[in-house]
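**Q** Each protein sequence line maps, in turn, to chains A and B. Numbered by our numbering, the letters in the first sequence go through residues 1 to 116 in order. Numbered by our numbering, the letters in the second sequence go through residues 117 to 231 in order.
Worth flagging that the hints you see were computed from the coordinates, not collected in a lab. There could be a bad hint or two in this list.
Partial list, derived from the structure: chain B residues whose beta carbon lies under 7 Å from chain A [what the hints assert, rightly or not]:
1. His159
2. Phe206
3. Gly217
4. Asn218
5. Phe221
6. Gly224
7. Lys226
Note that beta-carbon positions come from the ideal geometry of N, C-alpha and C, so glycine has one too.
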Amino acid sequence: ETGVTQSPTHLIKTRGQQVTLRCSSQSGHNTVSWYQQALGQGPQFIFQYYREEENGRGNFPPRFSGLQFPNYSSELNVNALELDDSALYLCASSSPGGDSGANVLTFGAGSRLTVL
Amino acid sequence: AQSVSQHNHHVILSEAASLELGCNYSYGGTVNLFWYVQYPGQHLQLLLKYFSGDPLVKGIKGFEAEFIKSKFSFNLRKPSVQWSDTAEYFCAVKDDGGSQGNLIFGKGTKLSVKP
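Isolated chain B, as found in the complex:
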């Protein structure tokens, strides 16, 4: 069965530090890849997505992610984090089977940014 691994449970950074959150998936076929963010007290929001084309995708708020097919990875990056980036980040995968709404989520990485 498809699975998604997020390597870090909790990451603590100071403002202006660089961020990289790891995400690996298990499915070897065609995939759609997503990063969702959940700010404290808010609902899940789409940060960025990869469907096809350029493997380096840019999302909102200065985030980007790189799809590396050979490594089954889709890591999230941001050059300089801000206190307002404190949130929980979820990587999700949709494979080419199953229904359109069936995303497989990782367990999430909680990011705490110290001012």
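Bound-form chain A, shown alone:
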């Protein structure tokens, strides 16, 4: 089975710009979650998408937004980039019926964003 794939792997932006990160979920998974991992920190939940709708959100401002497509892939969009948005952005997929529990996440390798 294919895992979670993310693109791009690295990118550099300047303050005020907008960025779109992409994620393809693992085969058979219909739920996608996005996390931000700042340097030296654990991943922090941004939001989750299920059936193309956001159904859970962490403590992130509205300039962080997302989409989920019918094939369960997803995008994370960040507007008006700030220096503190520099981080590794992780996508994780899961499936309610999989692996004896709803909460086992399969992570991608991440997209490392640098904001100058």
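Dock chain B against chain A, hints included.
**A** Just chain B, lined up with the frame of chain A:
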């Protein structure tokens, strides 16, 4: 708000030494507990999980963890570490509220094993 504490930022061990990494969480209700591992240059991988039942859970590569509800703890153990266990280890908690993908992670413990 739910929080997860990992007591050690960096642990350095020699091969064959025993390992115990501490993890404490703050939520008093029903929880799902996880340990994830991130090997150098690789993505986060599930090491083991606890949902219910036997509080001593076994994971991959000889790791195990014990859920002690009274102590709000879920410590990770391995009797004898190998050089290949060098990685960063993250404890994570899912409480019984919130969406299925909303895990609260600790800050991680970096393990360095000397050959």
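**Q** For every hint, state whether the structure bears it out.
**A** Evaluated hints:
Residue-level restraint check for histidine 159 (chain B) holds (minimum Cβ-Cβ distance to chain A is 4 Å; threshold 7 Å). Annotation: interface hint on phenylalanine 206 (chain B) holds; nearest CB of chain A at approximately 5 Å, less than 7 Å. With its C-beta approaching chain A no nearer than about 3 Å, glycine 217 (chain B) sits inside the 7 Å limit, and its interface hint holds. About 5 Å separates the beta-carbon of asparagine 218 (chain B) from the nearest beta-carbon of chain A, less than 7 Å, and the hint is met.
Because the beta carbon of phenylalanine 221 (chain B) sits about 3 Å from the nearest beta carbon in chain A, less than 7 Å, this interface hint is met. A least Cβ separation of about 5 Å between glycine 224 (chain B) and chain A falls short of the 7 Å threshold, and the interface hint therefore holds. A cut of 7 Å between beta carbons decides the hint on lysine 226 (chain B): the least distance to chain A is about 10 Å, and the hint is violated.
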